[in-house]
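As given, the protein sequences belong to chains A, B and C, one line each in that order.
Residue 114, in the numbering used here, is where the first sequence stops; the numbers in between run on with no holes.
Residue 804, in the numbering used here, is where the second sequence stops; the numbers in between run on with no holes.
Residue 347, in the numbering used here, is where the third sequence stops; the numbers in between run on with no holes.
Everything hinted at is true.
DEER-style ranges, computed between Cβ atoms:
hint, chain 1, residue 1, chain 2, residue 2, range
1, B, Ser-605, C, Pro-324, 46 to 54 Å
2, C, Leu-281, B, Ala-802, 56 to 64 Å
3, B, Val-554, A, Leu-112, 44 to 52 Å
4, C, Thr-319, B, Val-795, 16 to 24 Å
5, A, Ser-71, B, Tyr-497, 48 to 56 Å
6, C, Pro-324, B, Gly-489, 47 to 55 Å
7, B, Leu-791, C, Asn-203, 38 to 46 Å
8, A, Glu-102, B, Ala-802, 52 to 60 Å
9, C, Leu-322, B, Ser-605, 46 to 54 Å
10, B, Met-737, C, Val-341, 54 to 62 Å
11, B, Gln-777, C, Val-296, 55 to 63 Å
12, B, Leu-524, C, Leu-336, 48 to 56 Å
Partial chain C-side listing against chain B, Cβ under 8 Å, derived:
hint, residue
13, Asp-234
14, Phe-235
15, Val-238
16, Val-241
17, Ile-242
18, Ala-245
19, Gly-246
20, Ala-247
21, Val-250
22, Val-253
23, Met-257
24, Asp-309
25, Ala-310
These are computed hints drawn from the structure, not numbers from a lab.
The structure presented is a predicted model; accordingly, all values stated were derived computationally and were not measured.
C-beta atoms are modelled at their ideal positions from N, C-alpha and C, and glycine is treated no differently.
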Amino acid sequence: MIPLNWYLILGAVLFLIGVLGFFLKRNIIALLLFVEIMLNAVNLTFVAFSSRHGEISGQVFVFFVLVVAAAEAAVGLALVIAMFRNRESLNVDRSNLLRW
Amino acid sequence: MIEYITRAEFVMLMVKIVMIFGGVMGALAYLTWLERKMMARIQMRPGPTRVGPYGLLQPIADGLKFLFKEDVIPTQANKFLYIAAPVISLIPALLSFSVIPFGPNLQVTDLNVGLLFIFAITSLGVYGIVLGGWASNSKYPLMGAMRSSAQMISYELSLTLSVIGVLMIANTLSLSQIVASQNSTWFGVIPRWNIFLQPIAFIVYVISAIAETNRLPFDLAESEQELVAGWHTEYSSLKFAMFMLSEYANMITVSALATIMFLGGWSGPMFGPDWLQMILPTVWFVLKISLFIFAYVLIRSTVPRFRYDQLMRFGWKVLLPLSLANIVVTSFVVAIS
Amino acid sequence: MIEILFFFFAALAIGAAINVLVQKHVLYGALSLILMLTAVSALFILLRADFLAVIQVIVYAGAIMVLFVFVIMLLNLPVDEDGPDRLRWLKFLGIPLGLFFLFLVVATLSNVEGGAAAQARITGDAEAIGRSLFTDYLLPFEITSLLILIALMGAVVFAKKDL
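For reference, chain A alone in the conformation it holds in the complex:
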């Protein structure tokens, strides 16, 4: 039997890798990929808790997180395409017109 803490630590490490990549990368599509990593880490934690307490609500909530991730990926990529048409670059540093 695998203790719960191992799943929680794994989820936390994956979330940390997602956050780290989100800070370090400059490509917009890579940022969206790291958001997906973070959401997945959260899903893993939900399912681990659901298995520990015997409640099915954890898995139902993962269902909703999955739906939201799909919607967000679709709209995010559409925005990326629109941005790319405007400035021919996927670097977030180029989108700084609102800076002081």
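Take the given structure of chain A and dock chains B and C to it, following the hints.
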């Protein structure tokens, strides 16, 4: 660990895997022969006749030819993805055979989400095509790959939705239980197959399956007259053979799924002595799959090709609403009765 | 036996996630993410959530990531996205601090009271999730359908060439 390996169930599992895998690979090889012979006869020419009687050794000759051909990798191609793409295409195609029941006890594993497992695995097969086309670094493969993968993910929707009616009737996602629920008869003579209960779903499923496996009339992505050879233009020798194998394996998988869902799988009249009754379910199953394979080859030889926008329009505007309407009507009827 | 499986898939997930970080070309990053998603799906199966595992492969690895791969191939940019090197001295500070943070996280989470399995074992099959979705969580279920409709309209509007 050692005592697990020597236990009887593990040995039985290995025997089943070897039997099913061997049978499937043999069937794949001779499927190419069947297709060439049948297409040739429909076009009033003899087909392969030289290598062995009726050309029966032709697949072996083809295999040897593929082995000995020169393995070309284009210079500007993306080496890792170029070599990985046929493998990514072949593994899901063969993996889906692990949940298909070939007989009452002849299933490698009986997952209780077996149907969804097959859909998950076939949706991973899209990557082989996309990466193969992109890694070849040439315009025909890229266009063919984009078109083909867009077509596959569009028709996956109507494919998955069309079997939900069957799910509602059988009340389970496990493939062996779906087959077992069709094992009886009405009035003693008409078998309780789902094709009589879900005719529209059957038609939608068959059309989506032909589109999903990139066969004529939906094969604009790999047609010879339009796109040289689509996404596998730059591939040669064994990698090309792997793409071909994965295409035929996908064909057999969707045909097997169609017989399990709609034609009752391995169920059929049982007669004869004991040893015959052991292999009779598998014989019925193979016969029903051959029905679909014949239909595939027949349709390929006779029907002209769809244009790409007609193809996409048909998938999204005709098949998808039809399968959704089928779900609504079926759920109504199941709730009432 | 089950520990070996857990460690294998956990190592695969972490390795694939780090590979997304390390790769320069974002297409290789997307492919590593697909590997990570299937590894996490295998971990779901170990947690007896088999319906969710298969749904994750179908939806995440089979549809969302295809979308990502399409867009990356569509906007086919060469790899030259090097920003200004502001992170020069941060790299020396970042790694020790990062390792310390990792140690903090692991130490905190090791003290969670993780016991054996629960008294009532759940079966993560479609019936249990469906029953819960249509009775307890019916309103969020209907709202997610609205959410998908909005996302669909938004994606079409944003990606059109001319409105």
